[in-house]
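> Turn these sequences into a full structure, and let the hints steer you where they fit.
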Amino acid sequence: MHTTMPLSETPGQLLTAMRAKNPLVQNITNFVAMNIAANVMLAAGASPAMVHTKEEAGEFARIASALTINIGTLSPDFLAGMKAAAEAATEAGKPWVLDPVAHYATAYRRAALAELMELRPTVIRGNASEIIALAGSQSSGHGVDSGDSVAAAEGSAIAIARRQGCVVAVTGEVDFVTDSRRSARILGGSALMPRVTALGCSLTCLVGAFAASTDNPFEATAAALAMFAVAGEEAAFTASGPGFFSPIFLDRLAVLTGETLDAKARIVSA
Amino acid sequence: MHTTMPLSETPGQLLTAMRAKNPLVQNITNFVAMNIAANVMLAAGASPAMVHTKEEAGEFARIASALTINIGTLSPDFLAGMKAAAEAATEAGKPWVLDPVAHYATAYRRAALAELMELRPTVIRGNASEIIALAGSQSSGHGVDSGDSVAAAEGSAIAIARRQGCVVAVTGEVDFVTDSRRSARILGGSALMPRVTALGCSLTCLVGAFAASTDNPFEATAAALAMFAVAGEEAAFTASGPGFFSPIFLDRLAVLTGETLDAKARIVSA
Amino acid sequence: MHTTMPLSETPGQLLTAMRAKNPLVQNITNFVAMNIAANVMLAAGASPAMVHTKEEAGEFARIASALTINIGTLSPDFLAGMKAAAEAATEAGKPWVLDPVAHYATAYRRAALAELMELRPTVIRGNASEIIALAGSQSSGHGVDSGDSVAAAEGSAIAIARRQGCVVAVTGEVDFVTDSRRSARILGGSALMPRVTALGCSLTCLVGAFAASTDNPFEATAAALAMFAVAGEEAAFTASGPGFFSPIFLDRLAVLTGETLDAKARIVSA
Chain A
-6 MHTTMPLSET
4 PGQLLTAMRA
14 KNPLVQNITN
24 FVAMNIAANV
34 MLAAGASPAM
44 VHTKEEAGEF
54 ARIASALTIN
64 IGTLSPDFLA
74 GMKAAAEAAT
84 EAGKPWVLDP
94 VAHYATAYRR
104 AALAELMELR
114 PTVIRGNASE
124 IIALAGSQSS
134 GHGVDSGDSV
144 AAAEGSAIAI
154 ARRQGCVVAV
164 TGEVDFVTDS
174 RRSARILGGS
184 ALMPRVTALG
194 CSLTCLVGAF
204 AASTDNPFEA
214 TAAALAMFAV
224 AGEEAAFTAS
234 GPGFFSPIFL
244 DRLAVLTGET
254 LDAKARIVSA
Chain B
-6 MHTTMPLSET
4 PGQLLTAMRA
14 KNPLVQNITN
24 FVAMNIAANV
34 MLAAGASPAM
44 VHTKEEAGEF
54 ARIASALTIN
64 IGTLSPDFLA
74 GMKAAAEAAT
84 EAGKPWVLDP
94 VAHYATAYRR
104 AALAELMELR
114 PTVIRGNASE
124 IIALAGSQSS
134 GHGVDSGDSV
144 AAAEGSAIAI
154 ARRQGCVVAV
164 TGEVDFVTDS
174 RRSARILGGS
184 ALMPRVTALG
194 CSLTCLVGAF
204 AASTDNPFEA
214 TAAALAMFAV
224 AGEEAAFTAS
234 GPGFFSPIFL
244 DRLAVLTGET
254 LDAKARIVSA
Chain C
-6 MHTTMPLSET
4 PGQLLTAMRA
14 KNPLVQNITN
24 FVAMNIAANV
34 MLAAGASPAM
44 VHTKEEAGEF
54 ARIASALTIN
64 IGTLSPDFLA
74 GMKAAAEAAT
84 EAGKPWVLDP
94 VAHYATAYRR
104 AALAELMELR
114 PTVIRGNASE
124 IIALAGSQSS
134 GHGVDSGDSV
144 AAAEGSAIAI
154 ARRQGCVVAV
164 TGEVDFVTDS
174 RRSARILGGS
184 ALMPRVTALG
194 CSLTCLVGAF
204 AASTDNPFEA
214 TAAALAMFAV
224 AGEEAAFTAS
234 GPGFFSPIFL
244 DRLAVLTGET
254 LDAKARIVSA
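Chains as they are written, first to last, in our numbering: chain A, -6 to 263; chain B, -6 to 263; chain C, -6 to 263.
One or more hints might be untrue.
Remember, identical chains collapse to one label, so a pair may be satisfied in a single copy or spanning two.
SDA-like cross-link-like pairs, simulated, lysine to any residue; straight-line CA separation at most 25 Å [claimed, not checked]:
id : residue 1 : residue 2
1  : K14       : G129
2  : K76       : R103
3  : K76       : R155
4  : K47       : R103
5  : K14       : K47
6  : K14       : S142
7  : K76       : L109
8  : K76       : I56
9  : K14       : E166
By construction, these hints were calculated from the structure, which means they are not laboratory data.
Laid out in structure tokens, this is it:
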């Protein structure tokens, strides 16, 4: 037992609940992530659907149990679908998760993110540079990769969580999650994970699956992060490099039980 | 020899013919499927080309030997390309295959599918919920996953095949294929297959490759389904989970000979 | 030591320099390639970003160290982004690499390529049929696959390099690279590589990473091709088929050192 954070439901209980529900999660994500994110969700036990065009994104958000939005390969058509879906999800009381990929990089991206932030995401998950820039501070982001440490982003995460009334997760070597009143660090994972593209994007989708299965978005986010951290740590034991990391990691997600997740998760109060 | 269906050409003969032709198949498919579908086709012995924009989709359909259309991540731009390509394929006498992914989910998708159905697909391949809904009955589809058994969709498949004058395939635990006069069930596959995203979409593309290589779309469809069923069953012997299923399955597709396919295929009259 | 080409910097030195720089490379590539190309670049040591929409593609090209453009799944929206990015890269003195996928196949594609060629790519990488058609000769291309040998395309490559003042690479069984004054052949690779989709597209992106790290685009291109040839040859020793080739190849890219690359690279003057 490595978890020192008091939780109303353990990550393992939330994983079991998520699998029992097999939640339909709508993901409007980037082209790089679509395939691996769908495979991560299927392996973990959720039911992903990639539905993005504005002609149906809002209608579908009312059917789905949760929505995730990722601006990695943004375009006006996708942005229109994101806004329609986020509005519908909020109206229908469905949780939605925002992944602000490299939002600081261009004027177009900054403006798009501002519009999405007004639609009040339930959870925001980003890397350290993204969260620092989102709080209005100067980040060292380099393209889509973080140039900052998670520790340097903790204050920014708390500030955003307080201002927006949402959960904020910063992922990296040690993850950090906060709703401004409670904060936790999640240990685990592997140095190979940033060398496989779109695993962070896939985690955003998995946060949506957990958020669809409980009314507690803080604990849902911590559980999804813990599942990734444990499966990633296990995969690294046998992965020879970034190429084999993906199939091994998917297999570990698929066999990870609630009991094993609780035994191995390391979630500590921050 | 497990095949009890009388066939003018065996699946193995059709596989050998397909590989000899190495047919150029145009696939307008969804973003999740594009990479794995291309890899499935290359492994099996076809030449895939993903060409979708309306400015060239029709011209390309006249060059290609077959066309496949999948509405998984539909948008108005893609729909325009699909219609241009389907019209050109029909005019040029090229077979085309339709994959009506979750067509029942939204009004936009239902309307788009109705337009595509009017362009007279040669083969329709879907899961049970999709085929039941296409016949006008009430399905239990959940997002993009089937909530119904293949057995429950057999009557719907026959009704659509008769009404449209096409081949209809329903894939699942046991596959079903019909042209309304003849029907067959194809056994094999693995429970891991629905846990890997877009394998059904990839199968739709492979049906296109077989349909490009014979004038008999019923037997072409049965052969493609049998190839998937045999390679899937073989892959499941060594796959530790959904992650490793993909590379193993691709390798099995690549080494499967016509002789082995005929020895292992299980196609029974229905 | 198999390299007989006099080079100012060896491939291994250029690989070490590329990894030290970890260049941010903007890739406007096709939907089939996006994931595997990003994984190839991360494994090799570059920082890929897929940013395509015209609203930000030009601004991003000024941030990135190099740009790559691939017309595999072209559409008007993507073409507008490609032109904005190529113009910005040229203005900012950043190298950009063009991959003219099946440009001979349709009128739309031919017209788009003509527009991109006017924006003066630093490097063009294609298969033999693409390069022959680009020089204005009759090629035997079949969809996206080459119907011609690299040897048959060498004269076309030299003619294009002279006319455009750029580097031209033709990849296939034996690769050929030229700036019209110097030409080299690069040996290695594996017959499995054309059976894995989008490896050529991924190589185009990797050329961008090397071109971002030196002022010598001819040697950058030769080094990227040599890295692919060596890692591909090594991967083929243990790959059972096209399915396992991908993870093995990514792992080989990740562990390949500058020293090993220099020891194994076979670059011969042509």
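> The structure should be examined with respect to each hint, and the outcome stated for every one.
Results of checking the hints against the structure:
no., hint, verdict
1, K14 with G129, "neither (38 Å within a copy, 28 Å between copies)"
2, K76 with R103, "both (15 Å within a copy, 22 Å between copies)"
3, K76 with R155, "within (23 Å within a copy, 42 Å between copies)"
4, K47 with R103, "both (21 Å within a copy, 15 Å between copies)"
5, K14 with K47, "neither (27 Å within a copy, 40 Å between copies)"
6, K14 with S142, "between (35 Å within a copy, 19 Å between copies)"
7, K76 with L109, "within (7 Å within a copy, 28 Å between copies)"
8, K76 with I56, "within (16 Å within a copy, 28 Å between copies)"
9, K14 with E166, "between (31 Å within a copy, 22 Å between copies)"
When each numbered hint is compared with the structure, violations occur for hints 1, 5.
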